[in-house]
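Colleague: Residues per chain, in single letters:
There are 2 protein chains.
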Amino acid sequence: MEYFSEEAAMGGHPRVKIVVDAMGGDFAPANEVKGAIEALRESNNAFGVILVGREELIRKHMADQKVQDLSLSVIHADDVITMEDSPTAAVKQKKGSSLAVGITIHKEGKADAFVSAGNTGAVLSAATLILGRIKGVSRPTIGAFFPSETGVCLLLDAGTNVDCRPQHLYEFAVMGSIYARKIFKYENAAVGLLNVGEEETKGNEIVKETFKLLKASSLNFHGNVEGRDILKGKVQVVVCDGFVGNAILKFGESVPSFLKAKLTAYAEKSFVQKSLLGLVRGALRDVLKEMDYEEYGGVPVLGVNGVTIIGHGKSTPKAIKNMILKAAEVADTHLNRHIEEALAGGGSQRVLANDTITLPAHP
Amino acid sequence: MEYFSEEAAMGGHPRVKIVVDAMGGDFAPANEVKGAIEALRESNNAFGVILVGREELIRKHMADQKVQDLSLSVIHADDVITMEDSPTAAVKQKKGSSLAVGITIHKEGKADAFVSAGNTGAVLSAATLILGRIKGVSRPTIGAFFPSETGVCLLLDAGTNVDCRPQHLYEFAVMGSIYARKIFKYENAAVGLLNVGEEETKGNEIVKETFKLLKASSLNFHGNVEGRDILKGKVQVVVCDGFVGNAILKFGESVPSFLKAKLTAYAEKSFVQKSLLGLVRGALRDVLKEMDYEEYGGVPVLGVNGVTIIGHGKSTPKAIKNMILKAAEVADTHLNRHIEEALAGGGSQRVLANDTITLPAHP
Numbered sequence: 001m002e003y004f005s006e007e008a009a010m011g012g013h014p015r016v017k018i019v020v021d022a023m024g025g026d027f028a029p030a031n032e033v034k035g036a037i038e039a040l041r042e043s044n045n046a047f048g049v050i051l052v053g054r055e056e057l058i059r060k061h062m063a064d065q066k067v068q069d070l071s072l073s074v075i076h077a078d079d080v081i082t083m084e085d086s087p088t089a090a091v092k093q094k095k096g097s098s099l100a101v102g103i104t105i106h107k108e109g110k111a112d113a114f115v116s117a118g119n120t121g122a123v124l125s126a127a128t129l130i131l132g133r134i135k136g137v138s139r140p141t142i143g144a145f146f147p148s149e150t151g152v153c154l155l156l157d158a159g160t161n162v163d164c165r166p167q168h169l170y171e172f173a174v175m176g177s178i179y180a181r182k183i184f185k186y187e188n189a190a191v192g193l194l195n196v197g198e199e200e201t202k203g204n205e206i207v208k209e210t211f212k213l214l215k216a217s218s219l220n221f222h223g224n225v226e227g228r229d230i231l232k233g234k235v236q237v238v239v240c241d242g243f244v245g246n247a248i249l250k251f252g253e254s255v256p257s258f259l260k261a262k263l264t265a266y267a268e269k270s271f272v273q274k275s276l277l278g279l280v281r282g283a284l285r286d287v288l289k290e291m292d293y294e295e296y297g298g299v300p301v302l303g304v305n306g307v308t309i310i311g312h313g314k315s316t317p318k319a320i321k322n323m324i325l326k327a328a329e330v331a332d333t334h335l336n337r338h339i340e341e342a343l344a345g346g347g348s349q350r351v352l353a354n355d356t357i358t359l360p361a362h363p
Numbered sequence: 001m002e003y004f005s006e007e008a009a010m011g012g013h014p015r016v017k018i019v020v021d022a023m024g025g026d027f028a029p030a031n032e033v034k035g036a037i038e039a040l041r042e043s044n045n046a047f048g049v050i051l052v053g054r055e056e057l058i059r060k061h062m063a064d065q066k067v068q069d070l071s072l073s074v075i076h077a078d079d080v081i082t083m084e085d086s087p088t089a090a091v092k093q094k095k096g097s098s099l100a101v102g103i104t105i106h107k108e109g110k111a112d113a114f115v116s117a118g119n120t121g122a123v124l125s126a127a128t129l130i131l132g133r134i135k136g137v138s139r140p141t142i143g144a145f146f147p148s149e150t151g152v153c154l155l156l157d158a159g160t161n162v163d164c165r166p167q168h169l170y171e172f173a174v175m176g177s178i179y180a181r182k183i184f185k186y187e188n189a190a191v192g193l194l195n196v197g198e199e200e201t202k203g204n205e206i207v208k209e210t211f212k213l214l215k216a217s218s219l220n221f222h223g224n225v226e227g228r229d230i231l232k233g234k235v236q237v238v239v240c241d242g243f244v245g246n247a248i249l250k251f252g253e254s255v256p257s258f259l260k261a262k263l264t265a266y267a268e269k270s271f272v273q274k275s276l277l278g279l280v281r282g283a284l285r286d287v288l289k290e291m292d293y294e295e296y297g298g299v300p301v302l303g304v305n306g307v308t309i310i311g312h313g314k315s316t317p318k319a320i321k322n323m324i325l326k327a328a329e330v331a332d333t334h335l336n337r338h339i340e341e342a343l344a345g346g347g348s349q350r351v352l353a354n355d356t357i358t359l360p361a362h363p
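First to last, the sequence lines map onto chains A and B.
Here the numbering used here is used: the first residue of the first sequence is 1, the next is one more, and so on.
Here the numbering used here is used: the first residue of the second sequence is 1, the next is one more, and so on.
Possibly wrong hints are sitting among the right ones.
Copies of the same chain look alike in the list, so a pair counts if it fits in one copy or across any two.
[Said to hold, decoys possible] No more than 35 Å apart at the CA atoms, straight line, and that leaves these computed lysine-lysine pairs for DSBU-like:
(1) Lys66 <-> Lys95
(2) Lys60 <-> Lys212
(3) Lys182 <-> Lys215
(4) Lys269 <-> Lys34
(5) Lys202 <-> Lys182
(6) Lys289 <-> Lys66
(7) Lys260 <-> Lys66
(8) Lys314 <-> Lys215
(9) Lys202 <-> Lys92
(10) Lys269 <-> Lys185
Worth flagging that the hints you see were computed from the coordinates, not collected in a lab.
Here the structure is a predicted model, which is why all the values come from computation and not from measurement.
Let's have the full structure, built from the sequences with the hints guiding it.
Modeller: What follows is the structure, encoded as structure tokens:
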């Protein structure tokens with residue numbers, strides 16, 4: 001992988017450094033400490049990890065682990081932003097929180113990426129306020145990954161922007177296709193616009209306007225797609241507003257436990273032998289694992305000047321490990337430079353179907 | 001079941017009559033004819049069925065079946081509305097279509113319900129234009145049924161109204177809870193408002209306003225629900241605009257084929273024996289059958305002066321049979337009288353959280 005820098009391979013100081021919000025998740029700092037250690041072991045110290053949070057507590061969790069050989073350090077931060085905190089207010093008021101301190105370390109160039117399993121809204125706020133937006137980006141966005149019959153599908157926005165204008169959706173499409181190309185190696189990622197039907201005349205006014213913007217762009221636009229095309233893998237990037245995206249994401253997340261419950265009820269009323277049921281469950285579990293978005297190593301905040309990866313509050317050590325590995329990979333791809341090139345300046349000036357209009361850069 | 005009228009049981013003429021659009025589905029009239037025959041056999045002629053469409057063709061499909069003992073008749077209609085036709089235009093132009101003729105028979109009181117597996121938009125248009133709206137209903141709606149861990153969840157709107165005002169969503173909630181009570185026997189059906197979070201402050205302006213309307217109503221309102229709560233069965237009725245509802249419906253419909261594809265790929269790369277894979281597939285098929293909305297016997301158009309049941313274009317004879325049985329059941333419940341009582345007059349005048357406002361009856 002790209003983050004195994006030559007320097008690191010030669011035993012020198014790691015080039016890339018990842019800041020981890022050690023107080024973020026529901027099981028912090030236990031899972032954060034374990035995940036960081038696993039990431040460094042698996043990558044053979046290819047990068048450095050800085051755990052930010054209550055030092056005494058973090059060190060207590062490190063105490064029973066062998067960490068002397070790892071490129072792992074701790075920076076103290078007194079405060080913690082909880083899941084109950086109001087995102088923007090918390091970021092402004094709790095400047096000494098692990099979240100604010102961690103992102104500031106990244107902002108100051110002392111680290112190359114930031115990872116948190118904390119309050120999603122607060123992470124987005126902190127990333128936007130502290131790191132700032134990439135030139136040409138109206139609204140940073142958080143996407144969600146879905147497994148598909150053909151690979152992976154990136155759906156964005158997944159809940160951070162409930163009301164979107166056509167320009168926002170266009171920018172999501174640009175950022176999403178750059179992410180799909182750089183991280184998932186889809187050289188010419190196909191973009192679909194979520195709608196209630198495939199015909200160009202379908203949907204509400206916002207979607208119809210977005211269709212025109214996408215059609216006139218240089219993106220590999222495949223037109224309107226429907227809810228069924230996500231898992232089918234018709235395209236690699238699907239854009240929609242955060243209200244719709246969030247509903248689909250959460251519906252999808254509920255499928256595994258629904259199937260588990262139904263399978264149990266089915267076994268009880270049928271004559272399936274217990275041992276066979278175990279087999280069915282096992283196969284299903286392996287298949288459904290793909291629907292668990294923690295496997296993808298968290299989701300990136302796209303559109304901010306930096307690399308920020310957000311994970312589920314319930315992140316396991318394995319999920320944290322994957323997030324750190326993903327952050328190191330993203331930090332090495334110059335993703336943001338590509339986004340800025342695509343959107344800054346001419347990015348918001350596009351030819352529509354029948355005439356030329358100039359949309360405001362930051363509506 | 002309620003549609004087994006005494007009269008029919010005594011061998012007299014069936015009380016309830018169901019009109020079937022024999023030219024509606026992708027496999028019309030073959031599946032429509034078969035489904036009608038199956039419905040009459042299963043119910044022991046408890047109601048009558050009128051097949052509407054190209055008589056010669058319909059009779060050809062009836063020729064090789066024993067139908068002399070069935071309360072089945074045919075009414076000729078020359079024209080057919082296809083899936084490609086523009087809904088409203090087709091209904092206005094093709095007055096001789098099986099759809100328009102069939103609904104008109106219902107409108108004239110010569111039948112008690114109408115069933116079609118044809119163009120959904122056209123069926124909705126025809127039902128609205130020919131039957132008219134129930135007093136107090138701004139917009140008729142079509143819902144979708146989801147199996148849940150606790151029973152069934154009715155989601156509406158499922159795609160017919162992509163832009164909705166709070167008043168529309170409120171009316172969907174009223175109609176949905178009456179349907180859940182009358183047809184699914186949920187005496188005090190819980191209603192949830194689909195949102196990106198449970199807190200009252202979440203979502204866009206339309207959702208926030210709808211929350212107030214629902215909170216002030218006499219419905220059993222359980223507040224905001226998220227995408228995951230549909231399959232979880234937290235409530236029996238979920239309201240959202242048709243854009244979101246359609247995306248979730250279609251996403252849900254794609255889950256079975258996604259799992260089938262993944263399971264096949266899983267078996268190929270693992271060492272699961274072929275016979276065991278068959279078992280896994282069988283169990284999964286039985287469980288997933290619940291996610292197939294045809295099992296519920298189609299979906300009703302709610303808010304029109306009549307009983308109209310719509311099915312999937314790909315409806316099998318079994319699906320058509322279930323739609324006819326459902327139509328007969330709905331025709332016997334006086335659903336619309338309950339909807340009118342709940343919405344006409346005072347239905348659109350409600351107390352909001354802080355003050356009293358009067359919303360227009362038909363915004």
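Colleague: Determine for every hint whether it applies to the structure shown.
Modeller: These are the hints, each one checked on the structure:
no.	hint	result
1	Lys66 <-> Lys95	within (32 Å within a copy, 81 Å between copies)
2	Lys60 <-> Lys212	neither (56 Å within a copy, 48 Å between copies)
3	Lys182 <-> Lys215	within (22 Å within a copy, 47 Å between copies)
4	Lys269 <-> Lys34	between (42 Å within a copy, 31 Å between copies)
5	Lys202 <-> Lys182	both (32 Å within a copy, 34 Å between copies)
6	Lys289 <-> Lys66	within (30 Å within a copy, 51 Å between copies)
7	Lys260 <-> Lys66	neither (38 Å within a copy, 44 Å between copies)
8	Lys314 <-> Lys215	between (39 Å within a copy, 31 Å between copies)
9	Lys202 <-> Lys92	between (42 Å within a copy, 20 Å between copies)
10	Lys269 <-> Lys185	between (46 Å within a copy, 23 Å between copies)
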